[in-house]
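Residue numbers (my numbering), protein chains in the order written: chain A, 1 to 256; chain B, 257 to 513; chain C, 514 to 820.
FYI, nobody ran anything at the bench for these hints, they're computed from the structure. Heads up, some of the hints might be wrong.
[Stated by the list, open to error] Taking lysine-lysine pairs in the DSS-like style, the calculated list, with each CA pair at most 25 Å apart, reads:
hint, chain 1, residue 1, chain 2, residue 2
1, A, K192, A, K30
2, C, K639, A, K142
3, A, K124, A, K142
4, A, K76, C, K590
5, C, K639, A, K114
[As the list claims (entries may be wrong)] Reference listing, derived: stretches of chain C covered by chain A, where coverage requires no fewer than 3 residues with Cβ under 8 Å from a Cβ of chain A:
hint, stretch
6, 590 to 602
7, 715 to 727
8, 804 to 817
Ideal placement from N, C-alpha and C gives every residue a C-beta, glycine not left out.
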Amino acid sequence: MKEKTILNVKDLSAAYEDAEVLSSVNLSLKKGEMLCIVGESGSGKSTLLRTVCGDAQIKVKNGCVIYGDRDITKLKSCERQKVLGTKIGYIQQNPWGAFNPLRPYSIQFRETLKSHKKKYDAEKIAELFSILGLKDPESILKSRPYEMSGGMNQRIAIAASFILGPELLLCDEITSALDVTTASAVTDELLKLKKETEVTIVMVTHNIGIAANIADRIAIMYKGQIVECGERDKIINAPEHEYTKRLLADVPQLEY
Amino acid sequence: MIVFAAAVIIMTLFAGVFAPNDPYKTSATVIRTAPCADYPFGTDNLGRCVFSRVLYGGRTTIAATFFLVFVSFAIGTVIGMVCGYYGGIADRIFMRIADITLGFPQMVVAIAVAGILGAGMKGAMIALGITMWISFARLARSHTYSIKNEAYVKTVLFTGKSDFYIIMVHIFPNLMGPVLTNALTQIGTTMIGLSGLSFLGLGIIPPTAEWGSMISEARAYIQIAPWSVFYPAAATIITIIIFNYLGDVVMDYREAG
Amino acid sequence: MIRSVLKKLAEIIIILVVLSFFVFVLLYIAPGDPAEKRLTSQGIVVTKQVLDAERERLGLLKPFLVRYGEWLFSVIKGDFGVSFKDDMPVAPKLYKGLVNTCILAFSSLMLSLSLSFTLGVASAVKKDGIFDHIVRIFSFVANSLPNFLISVLLMYFFCIKLDIFPVIAAGDLQGLVMPVLSLAIPMTGRFTRQIRAEILNRMNEDYVTGMKGRGVKNRYIILNVVRNSLGHIFTIVALQIGTLMGGSVVIETIFRWPGIGKLVMDSISARDYPVIMGFVLIMGAIYVVVNSLSDVLDRTLDPRISE
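My request is simple: use the sequences and hints to build the entire structure.
Here's what the structure looks like:
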């Protein structure tokens with residue numbers, strides 16, 4: 001089976017000011033897959049996503065990120081603005097981190113769509129909301145993020161990303177700040193949406209349990225490097241690297 | 257900038273050494289002389305040497321400023337530490353007062369005091385001090401509060417040390433940084449305030465040399481002897497800029513580190 | 514919402530009563546006898562008989578609290594007493610001066626707010642660019658200039674050397690230019706610095722990253738950040754009202770602008786207490802009301818700020 005590669009990270013090294021966070025990371029993404037990047041905090045997994053998005057604080061020292069024949073780490077900010085959202089979506093950990101907490105969602109949806117010269121389509125939003133288990137879209141759109149729970153906000157953030165129809169969605173620990181039941185509900189809904197749209201998803205998480213449940217492939221990050229990357233079953237059942245083995249051994253088991 | 261600040265302080269502190277003439281000696285023969293070798297900044301309406309008066313005036317302004325900032329710093333820090341450490345009703349009342357007085361018009365206080373007690377440096381100092389100590393107290397209070405709640409201070413409390421010991425050994429040294437930075441940033445503001453009050457005749461009473469009052473006096477004959485306004489004006493601006501710049505640098509440094 | 518407004522209202526009233534008491538006490542402890550001062554300031558020879566009659570007439574023989582109550586009551590009715598200088602009621606003079614002061618203060622506030630808002634936001638958005646550096650230098654220097662110095666220098670260059678504007682501001686539009694500039698320049702410096710810092714601070718919030726991640730245009734992001742900072746910017750402005758009042762006293766005295774500040778400066782040398790007391794009360798009231806309003810406004814714009 002020959003799959004199309006949509007993102008290619010080649011020998012990427014990046015740093016915040018002096019501290020190097022990523023050292024020679026290599027990673028390629030196949031169209032339509034769900035890749036989970038697993039690692040402890042400080043391993044550089046979030047930085048990897050932020051580098052792809054072009055965070056101004058991160059300096060790329062070496063290597064490149066190829067997306068559609070171009071190195072997207074070298075885009076000008078106006079070019080990047082066009083790519084982000086419609087081509088590459090990004091959702092972060094903080095559930096209140098997607099919207100201005102003080103303004104109604106509807107206005108912010110409008111601004112998001114207008115930025116990409118798209119029409120505000122209430123029906124499409126309502127459809128996304130219903131897949132995400134959000135009832136009464138009209139009253140939700142009228143309310144403001146600070147009044148809503150974290151789970152609600154994260155669902156609406158997912159909706160805002162999908163409304164732009166991205167090819168690739170980067171999710172940075174999007175369920176870590178939610179309680180366990182909400183987190184698994186949000187994950188399920190995200191998978192449902194993925195099935196409908198065939199979007200490629202990179203999910204960063206520190207929980208290998210989540211990765212074992214949803215991933216097609218898993219990449220293990222440790223100290224700024226990808227130490228192991230492969231099909232889910234291979235990583236879970238036959239890990240090669242010491243660190244992966246340790247991660248798997250530390251997964252808490254329910255005891256009866 | 258530290259060099260400049262030191263230079264300004266030394267020049268004015270030892271005004272007697274650097275001043276070529278007696279700042280208070282009037283002379284009918286050299287009224288409003290343009291700057292020359294004998295009088296580097298010229299002379300004023302009464303034939304007094306402007307250069308010497310700028311030096312002596314700087315001493316007045318800088319000494320008064322430092323004194324005022326130091327007193328506000330001492331009073332504010334003590335009250336802030338006590339309020340932050342013990343909390344309770346006194347603390348809440350204090351916070352209310354602080355909220356209200358923080359930006360209370362100093363000039364209005366100065367006018368009230370001067371109007372009733374008469375003009376003078378005392379009134380000007382009270383007027384400026386009444387709002388300044390608050391900024392120190394607020395800062396000291398919030399830092400005391402957070403230091404007090406840190407784990408290591410709580411541990412020390414269990415060893416049975418007295419409150420006074422904890423305040424002096426653990427809290428006071430830790431809040432010196434932010435409070436001293438505030439003191440540095442207050443210097444420029446205080447100079448502006450003091451010279452402004454003196455300019456209005458609510459601060460220093462002539463003939464004592466002071467930049468604000470010198471400018472105020474010389475304003476009347478600015479057309480004939482502009483130097484008697486320009487030199488004290490330049491001295492005021494340069495000094496304030498030096499101290500404000502120092503304040504900014506220290507502030508940025510603290511925020512970055 | 515209504516509860517917090519009522520609470521604020523009660524607070525304002527308490528503060529004003531305390532302030533009025535403070536002002537009255539100041540007068541009470543002032544050295545010298547008001548009756549004597551009043552007579553001497555009118556040039557009447559003071560004898561024991563005249564003095565006693567004057568004391569009786571002024572109600573100085575009544576107990577302290579009764580006098581305070583009567584005074585407070587008349588102040589609430591808008592009567593600030595009569596001037597020691599010319600026996601005319603003080604209130605109309607104060608109001609007339611206040612109107613002129615408000616014209617001056619409001620114009621310079623508007624000028625400096627519009628300038629510093631534009632400069633502050635623009636330099637925060639283009640942080641570390643050339644424009645930002647220029648704005649930072651300008652605002653730093655402007656903030657370091659005492660307004661009396663600016664007015665003396667402006668007066669020298671524009672009124673005397675170039676003769677464009679009149680030296681004495683006669684209360685007309687042309688006379689307004691110099692005083693407004695003198696007040697506005699240092700204030701613009703201060704506001705620009707504070708607004709820039711505020712915007713920069715808010716640019717670091719998480720949702721800005723989130724919006725960028727959706728490719729929202731910079732224009733909208735800036736609008737969102739500015740919208741969220743508005744409440745705090747109002748507070749910054751309100752806290753500067755005190756400085757503005759003080760500045761207008763200086764500027765009015767220099768340019769002879771017929772405002773309340775010039776009125777009170779003229780009254781200080783004459784020890785005209787009713788004018789001074791009225792001035793302090795009115796200024797204090799304006800300060801307290803403006804700051805309470807900005808507080809309420811801040812809370813309305815950002816409901817997350819809790820008590």
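Legend entry - Hints breached by this structure: 2, 4 and 6
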